[in-house]
Amino acid sequence: MDFDLLYDRPGGEPYLTIPGHPNIIITPPRIEDASDLISILNNFEVAIWLQGPPYPYPVEEARQYLRTVSIPSSVQIRKEIEAHNSSINGGGHGNETTNHFLSGCPVTSIREVDPETGKESLIGCIGIRRNDFYEIEDDAVREAEFEANAAKKAGDGSIIWAMGSKSLLLYKPPNRPTIVGVMADRNGADFLSPSHKGRGITTMAAKTVIDWGRKHMNIKEVRASMFDGNIASQRVYEKIGFKHISTRKDALTRAEVKGGGKITIHILTSKKQ
Numbered sequence: 001m002d003f004d005l006l007y008d009r010p011g012g013e014p015y016l017t018i019p020g021h022p023n024i025i026i027t028p029p030r031i032e033d034a035s036d037l038i039s040i041l042n043n044f045e046v047a048i049w050l051q052g053p054p055y056p057y058p059v060e061e062a063r064q065y066l067r068t069v070s071i072p073s074s075v076q077i078r079k080e081i082e083a084h085n086s087s088i089n090g091g092g093h094g095n096e097t098t099n100h101f102l103s104g105c106p107v108t109s110i111r112e113v114d115p116e117t118g119k120e121s122l123i124g125c126i127g128i129r130r131n132d133f134y135e136i137e138d139d140a141v142r143e144a145e146f147e148a149n150a151a152k153k154a155g156d157g158s159i160i161w162a163m164g165s166k167s168l169l170l171y172k173p174p175n176r177p178t179i180v181g182v183m184a185d186r187n188g189a190d191f192l193s194p195s196h197k198g199r200g201i202t203t204m205a206a207k208t209v210i211d212w213g214r215k216h217m218n219i220k221e222v223r224a225s226m227f228d229g230n231i232a233s234q235r236v237y238e239k240i241g242f243k244h245i246s247t248r249k250d251a252l253t254r255a256e257v258k259g260g261g262k263i264t265i266h267i268l269t270s271k272k273q
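Each residue of the sequence shown is one higher than the one before, counting from 1 in UniProt numbering.
Keep in mind the hints are simulated off the structure, nothing from the lab. Remember, it's a predicted structure, so these values are computed and weren't measured experimentally. Where hints are given, some of them may not hold.
Here are the computed distance ranges between Cβ atoms for each label pair [said to hold, decoys possible]:
(1) K79 with D8: 19 to 29 Å
(2) L6 with I31: 20 to 30 Å
(3) E116 with E147: 44 to 54 Å
Taking lysine to aspartate or glutamate pairs in the EDC-like style, the calculated list, with each CA pair at most 20 Å apart, reads [to be verified]:
(4) K243 with E135
(5) K262 with E137
(6) K220 with E145
(7) K119 with D8
(8) K262 with D228
(9) K152 with E221
(10) K79 with D2
Note that the Cβ used here is the ideal one computed from N, Cα and C, for glycine as well.
Generate the whole structure from the sequences, applying the supplied hints.
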């Protein structure tokens, strides 16, 4: 079972295509992405809409993030696919799970493929993570909701998922630093290089990943969050059917290097019964 992933490019990695953009694919993250990653995230036009990572973003921290969070998360999900395939093909040992839903999406890196050379360039990221509940003001209540949501097994239709540019690449719930990683930050923030904005890439990439997740992760509700003023991000999600459900004033504090001040966030949701 291929889980609707394609594997026919050099290297045999899984990937997804997005409608209307034949030269854009979504693949797993790679360690060599670090230089492109910092180039995008050190652009103030991108950084101002993200709470993390640090700004400026050092290349070694980007490599560390890829090595310890992003790549292992993708590898874990690909192992789930392998285990499932082994089980249905009769290669298991009788103790494999019968759960055919995955814990996440293994592809998160948006790449442009040069039609002449086949070279792939990282232009952004898109990912689905378990919701961080920043719409809740009370720290204790938010952490409790986060932990309860994080503890649910893959495929549980009551899991609330999240996307959006508010994502904290280094998010750590209060008093629980060890949650960072595959559970708190499965695949980081959503962002696109300014050089590729205005072409509908993020909109279609988000729709592609959500549609895939509804089928293969049993996603029923996914929320998107963005800073007040990030009209482009809000429109991305509104175009694919998200509806506004909450606004939290002064929810976060922007780093002084990014201009300082308090940040109001907006939460949108998309539900499927």
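Evaluated hints:
For K79 and D8, the Cβ-Cβ distance of about 21 Å falls inside the hinted range of 19 to 29 Å, so the restraint holds. Evaluation of the 20 to 30 Å hint for L6 and I31 yields a pass: the beta carbon distance comes to about 22 Å. At roughly 50 Å, the beta carbons of E116 and E147 sit within the given window of 44 to 54 Å. The suggested pairing of K243 with E135 holds, with an alpha-carbon distance near 15 Å, which does not exceed 20 Å.
For the suggested pair K262 and E137, the alpha carbons sit about 14 Å apart, so the restraint of at most 20 Å is met. Between the alpha carbons of K220 and E145 the distance comes to roughly 17 Å, so the proposed pair stays at or under 20 Å and holds. A C-alpha spacing of about 15 Å is found between K119 and D8, which places the hinted pair at or below 20 Å, so the restraint holds. For a cut-off of 20 Å, the pair hint linking K262 to D228 stands: about 10 Å separates their Cα positions.
At most 20 Å may separate the alpha-carbon atoms for a hinted pair to count; K152 and E221 meet this at roughly 14 Å. In summary, the hint linking K79 to D2 is supported, as the alpha carbons are separated by about 12 Å, within the 20 Å threshold.
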